[in-house]
Amino acid sequence: MIEERTPQARRLIALGLMAAGSTAISFGGLVIRNIEHADEWQLVFYRAIGMLISISIILMLRYRRHTIFRIRDIGWPGVIGSLLVATASISFVQSITHTTVANSLFMLCAIPFISAALARVFLKEALPGRTVFTMALAAAGILIMLVEGVGSGSMFGNAMGLLTAVSFATYAVIVRWRREIDMLPVLVLSSVIIIVSGAIVTGGALGVPLRDIVLCLLWGGVLSGFANWMFIVASRQLIAAEVTLVMQLEFVFGPIWVWLFIDEVPTQLTLIGGSLVLGAVLYRAMAELRRASPD
88 MIEERTPQAR RLIALGLMAA GSTAISFGGL VIRNIEHADE WQLVFYRAIG
138 MLISISIILM LRYRRHTIFR IRDIGWPGVI GSLLVATASI SFVQSITHTT
188 VANSLFMLCA IPFISAALAR VFLKEALPGR TVFTMALAAA GILIMLVEGV
238 GSGSMFGNAM GLLTAVSFAT YAVIVRWRRE IDMLPVLVLS SVIIIVSGAI
288 VTGGALGVPL RDIVLCLLWG GVLSGFANWM FIVASRQLIA AEVTLVMQLE
338 FVFGPIWVWL FIDEVPTQLT LIGGSLVLGA VLYRAMAELR RASPD
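Residue 382 is where the sequence shown ends in my numbering, and the numbering goes up by one at each step.
Read the hints as simulated data drawn from the structure, not as lab findings. Bear in mind that the values here come from a model prediction, so they are computed numbers and not experimental data. Beta carbons are placed, not taken as given, at the ideal position from N, Cα and C, and that holds for glycine. Warning: the hint list may mix true and false statements.
Derived Cβ-Cβ restraints for the label pairs, each shown as a range [stated by the list, open to error]:
#1 Arg265 <-> Glu123: 38 to 44 Å
#2 Val309 <-> Glu351: 27 to 33 Å
#3 Pro215 <-> Arg298: 47 to 53 Å
Cut-off 25 Å, straight-line C-alpha distance, at most; resulting in silico cross-link-like pairs (DMTMM-like, lysine to aspartate or glutamate) [what the hints assert, rightly or not]:
#4 Lys211 <-> Glu127
#5 Lys211 <-> Glu267
#6 Lys211 <-> Glu375
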């Protein structure tokens, strides 16, 4: 286990896990682009099944016969968190199927800033001037992408991307508020919510080719499920700025994969707006790293 090693070794392993998890999740957009017949709700239905299986396995290996008690311990904050994660997962698929992968992922870059603003309002956390500046820069980038969406007909996809970011950011604030609770079981409950919602919305019409089902299970079970476990394990050994910095690999690699393999090229305004958001995140993370490093 990571905890049994030296502090330096634990940190290096944690950085490796974060990088591996971010890289794995970055293939999500490419997986979606290779799904041929499943619609948005069928996609989230089978993805949630994959997520449910993988997270359940992780919980049972971790807690064994106490797994059901760990799920119960999340309480009502965990229930709210589950609804937020379910909303984010559904809106992300709606986003990425109605706009480019780059647009969707660049919107998610704003999560740290949205969570910082919400934490200031609800948790009374300090909001340094540097963070306010980077939030304004990120907001400008998001506005550019939203305006671009109006002209290109991808406004709905961009709006869903923003809803994804807001939902995840709100969930992050709940996690920070209740730090003493293991929120990994939230992913189990959110998966159940998505599965039930998908079955209702589709009216039970869930028949899709086996190839699409396998891709959805791969995305939810391996790329998302086990990658989330890597994030949770690694984040215990790293400071917030390091976590934020390494997570940007997803937003950098995601558009690259679809560009290389299926020739999906983002628009110029998307690149400008996305660069502003990504640049703001990197600037803030590097500033936090400098502040945290010893003199």
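Do the Cβ positions of Val309 and Glu351 conform to the proposed distance bound of 27 to 33 Å?
violated, 22 Å
Please work out if Lys211 and Glu267 have their alpha carbons no farther apart than 25 Å.
holds, 18 Å
For the hint 47 to 53 Å, verify it against the beta carbon of Pro215 and that of Arg298.
Given range 47 to 53 Å: holds, Cβ gap about 49 Å.
Holds or violated: Lys211 to Glu375, with C-alpha atoms at most 25 Å apart:
holds, 19 Å
Holds or violated: 38 to 44 Å for the Cβ distance of Arg265 and Glu123?
holds, 41 Å
Run the distance test for Lys211 versus Glu127: straight-line Cα separation, threshold 25 Å.
With a Cα-Cα distance of about 38 Å, the restraint between Lys211 and Glu127 is violated, given a limit of 25 Å.
Hint violations for this structure: numbers 2 and 4, all remaining hints satisfied.
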